[in-house]
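Undergrad: The residues making up each chain are set out below.
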Amino acid sequence: MNTTQQFRFIYKPLVFAACAVPAVLMLLGIVGKGPMDLGADPVNRLIHACGITALNMLLITLLVTPVRQMSGWNHLIRLRRMLGLFAFFYAVAHFTCYAWLDQGLDVAAIGADIVKRPYITIGMAALLMLIALAVTSTNGMMRRLGRKWTKLHRLIYVLTALGVWHFYWQVKKDISEPLLYVGMFAVLMAWRIGWRFRGKFAPARAPEKI
Amino acid sequence: MKNHIPRIAPSEITPEEVYLDRRQLLAAGFATAAVGALGAKPAMAAAPPALAPLTAARNSALSITDAPNTFEDITTYNNYYEFGTDKSDPAVQARNFNPSPWSVTVDGEAEAKGTFTLEDILKGQQLEERVYRLRCVEAWSMVIPWTGFSLASLLQRFKPTSKAKYVEFTTLMDPKRMPGQRDAVLRWPYVEGLRMDEATHPLTFMAVGLYGKTLPNQSGAPLRLVTPWKYGFKNIKAIVRIRFTETQPRNSWQVAAPSEYGFFANVNPAVDHPRWSQASERRIGGGLLAKRAATQPFNGYAAQVASLYSGMDLRRNF
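Protein sequence lines correspond, in order, to chains H and Y.
All residue numbers for the first sequence refer to the working numbering, where the first residue is 1 and numbers rise by one.
All residue numbers for the second sequence refer to the working numbering, where the first residue is 1 and numbers rise by one.
Source of the hints: derived by calculation from the structure; they are not laboratory data.
Hints should not be assumed to be uniformly reliable.
[As the list claims (entries may be wrong)] Computed footprint of chain Y on chain H; a stretch qualifies when at least three of its residues, placed anywhere within it, have a C-beta under 8 Å from a C-beta of chain Y:
| # | region |
| --- | --- |
| 1 | 26–40 |
| 2 | 108–120 |
| 3 | 126–139 |
[Claimed, not checked] Derived DSSO-like pairs (lysine-lysine); straight-line CA-CA distance at most 30 Å:
| # | chain 1 | residue 1 | chain 2 | residue 2 |
| --- | --- | --- | --- | --- |
| 4 | H | LYS172 | Y | LYS176 |
| 5 | Y | LYS291 | H | LYS173 |
| 6 | H | LYS148 | H | LYS172 |
A virtual CB, placed ideally from N, CA and C, is assigned to each residue, including glycine.
With these hints in hand, go ahead and build the complete structure from the sequences.
TA: The structure is reproduced here in structure tokens:
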């Protein structure tokens with residue numbers, strides 16, 4: 001098997017299955033099966049579970065580049081689109097649970113929330129950006145947009161920051177979990193900055209001996 | 001009018017060994033490993049200790065007729081940060097808390113001060129059952145059949161003086177027994193307070209039981225306050241101190257976030273929490289597709305309590 005076949009038949013299906021596990025657990029929870037107990041307030045639990053999984057997927061997507069740079073295994077980038085699309089999937093599920101299960105598709109109430117509640121405003125902004133990235137994630141779009149594609153997809157940094165902020169802002173008091181996400185995001189961004197300036201401030205390496 | 005709500009017979013409580021099914025533990029462990037943040041079933045959950053029955057007639061005049069939430073919902077979905085900040089935490093972490101022996105210190109502006117055992121506190125009290133709405137500041141609600149007695153009947157025994165304008169309550173401070181107190185989530189111990197007229201209002205209740213049984217630990221055993229027209233955080237649990245004061249007590253949530261939580265904390269659909277709407281609420285137990293219900297002023301108790309606040313700006317005194 002060549003590398004393309006390995007990805008198509010082994011790695012991609014495995015990663016897909018792993019990313020689908022939270023969704024399967026939630027669906028099982030809804031019908032009262034499996035290990036995930038939705039508890040006394042299943043609506044809230046589902047909203048939270050989808051949201052936190054979307055954040056996890058975003059951070060995992062942002063982990064691809066550092067791992068690739070560290071390991072030198074450049075093929076890893078072939079998994080990035082799928083990871084990003086799973087982030088999109090869970091974010092849409094998060095919004096759907098809120099709009100449908102929590103707000104009963106009351107458009108006026110949802111609109112008022114988006115306008116009046118800053119944490120919902122920024123969550124919504126992040127979701128819109130994520131939709132734009134998902135729509136432009138196809139090969140055709142990459143070709144058509146060319147260099148602009150790379151610029152557009154840098155929005156992932158902005159929307160992940162907004163997503164973490166959205167999480168931080170809605171917590172009542174115990175901010176330890178949101179802070180963990182702030183920390184993880186900061187590490188991922190710090191790596192990028194460090195990588196960009198690698199070698200710039202370090203002493204020049206001695207020329208290799210032949 | 002007695003016993004017309006479902007009681008849980010001891011035989012219905014799942015034995016610990018059955019509940020702690022090994023396969024379920026393994027599955028829960030796997031799920032936790034796979035998706036830790038998703039909130040898998042707590043692996044250490046076990047049957048609660050048997051609770052002694054408490055017989056009390058229902059006070060129909062002060063009870064609502066809505067069907068109460070299930071015992072399971074009421075006792076597994078708790079905001080009780082002394083036993084963890086997750087709503088499923090207290091049921092697990094308070095499991096081995098022993099609320100006995102218990103005593104309550106009464107001090108401040110009163111004549112009959114001192115330290116009283118729980119038995120002293122309960123002496124002469126006619127226990128009754130009241131079915132009350134509970135509205136959490138987080139915009140969810142429940143219906144709960146409490147057993148207890150009116151706070152007024154207890155407070156008068158301590159002969160508060162004319163200087164007693166407020167009553168302050170304090171929760172037990174014991175990080176060894178209340179593991180949540182090891183984290184500085186709130187300033188411990190938890191403190192709450194009421195104005196004297198609120199404290200002596202006929203609706204204000206001291207609960208020692210739930211669903212015809214002794215109060216479970218995660219519900220605030222052995223003694224907790226119930227003020228049904230106020231947000232749930234006013235209902236201080238595991239009370240060890242009652243102090244009569246001349247000045248308004250600083251309650252814990254107000255100290256933690258004064259722009260978000262006030263002293264009065266009356267349920268008010270017209271005054272939103274800065275970060276979320278208080279106009280509607282989700283009734284726990286309605287399942288996935290239940291519609292939100294409109295929140296009522298004073299949680300539906302306006303006819304009884306609105307007069308306590310006449311002339312007050314409830315937007316400022318939230």
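Undergrad: Could you run down the list of hints and mark each one as holding or not?
TA: Hint-by-hint comparison with the structure:
no.: 1; hint: 26–40; result: holds (count 8)
no.: 2; hint: 108–120; result: holds (count 7)
no.: 3; hint: 126–139; result: violated (count 0)
no.: 4; hint: LYS172(H) to LYS176(Y); result: holds (25 Å)
no.: 5; hint: LYS291(Y) to LYS173(H); result: holds (27 Å)
no.: 6; hint: LYS148(H) to LYS172(H); result: violated (40 Å)
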